[in-house]
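Take these sequences, add in the hints, and give me the full structure.
Okay, so the sequence shown: first residue is 2 according to our numbering, each after it adds one.
Keep in mind that a hint or two might mislead.
Claimed, not checked - Below, simulated EDC-like cross-link-like pairs (lysine to aspartate or glutamate); rule was C-alpha separation at most 20 Å, straight line:
| no. | residue 1 | residue 2 |
| --- | --- | --- |
| 1 | LYS68 | ASP97 |
| 2 | LYS68 | ASP52 |
| 3 | LYS90 | GLU113 |
| 4 | LYS68 | GLU11 |
| 5 | LYS68 | GLU54 |
| 6 | LYS90 | GLU79 |
| 7 | LYS68 | GLU86 |
| 8 | LYS68 | ASP41 |
| 9 | LYS68 | GLU113 |
| 10 | LYS68 | GLU110 |
| 11 | LYS90 | GLU138 |
Derived by calculation from the structure, the hints in this document are not laboratory data.
Just so we're clear, the structure is a prediction, and the values are computed from it rather than from any experiment.
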Amino acid sequence: MNQLGAKMTEIRAVSTRNAPTVGFSTGTAAPLSQAIVHGDTIYCSGTGPLDPETRTIVSDDFATQAKQTLSNLVAVVEAAGGSRETILKCTCFVADVENFPTFNAVYREFFEGTPHFPARTTVIATPHRTGVQVEVECIAAVARP
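Right, here's the structure in full:
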């Protein structure tokens with residue numbers, strides 16, 4: 002119980018080998034969790050276009066990077082107990098504004114068929130790793146059985 006007498010909700014860190022975690026410098030582990038679950042909410046760290054097996058950037062092609070990034074994000078959401086359909090909000094980081102129309106097309110196709118498009122913010126930003134052109138983080142709900 003906390004000071005107000007309310008029971009504290011458990012906080013759980015999530016990690017999956019189905020989506021890579023990017024280190025911030027050679028030989029160091031990233032100082033973050035892939036996701037945190039608190040109550041019925043999943044908070045996912047940003048993920049990028051790395052191949053889950055090789056941990057290298059999948060391609061120089063922007064659309065290919067965007068598709069892999071979204072696939073990696075869903076892998077983390079699923080490991081945390083959610084699904085593509087339970088993603089509530091995405092924050093997207095695109096390195097070059099010229100790729101914004103392509104990102105919109107890939108994003109639309111990726112979420113096509115879900116009950117709703119997630120709320121979304123897109124920011125033009127320089128990535129922390131050379132060659133990465135896109136990164137996405139999200140908030141999702143834990144799926145109900």
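Holds or violated: LYS68 with ASP52, Cα cutoff 20 Å? Holds, at roughly 11 Å.
Regarding the pair LYS68 and GLU110, is the alpha-carbon distance no greater than 20 Å? Roughly 9 Å separates the two Cα atoms, so the pair holds.
Is the straight-line distance between the alpha-carbon of LYS68 and that of ASP97 20 Å or less? 16 Å, holds
Could you grab the alpha-carbon distance between LYS90 and GLU79 and see if it respects the 20 Å cut-off? 15 Å, holds
Distance restraint between LYS68 and ASP41, which requires alpha-carbon spacing of 20 Å or less: 27 Å, violated
Quickly compare the C-alpha distance for LYS90 and GLU113 to 20 Å and report which way the hint goes. Distance of about 15 Å is within 20 Å: holds.
Compare the distance between the alpha carbons of LYS68 and GLU54 with 20 Å, and conclude whether the hinted pair is satisfied. 16 Å, holds
Taken at face value, is the distance from the CA of GLU11 to the CA of LYS68 at most 20 Å? Violated, at about 32 Å.
Holds or violated: LYS68 to GLU113, with C-alpha atoms at most 20 Å apart: Since the Cα atoms of LYS68 and GLU113 sit roughly 13 Å apart, the hinted pair holds (cutoff 20 Å).
Measure nothing beyond the straight line between the CA atoms of LYS90 and GLU138; if it is 20 Å or shorter, mark the hint as holding. 8 Å, holds
Quick one, are LYS68 and GLU86 close enough, alpha carbons at most 20 Å? 17 Å, holds
Comparing the model with each numbered hint stated earlier shows that hints 4, 8 do not hold.
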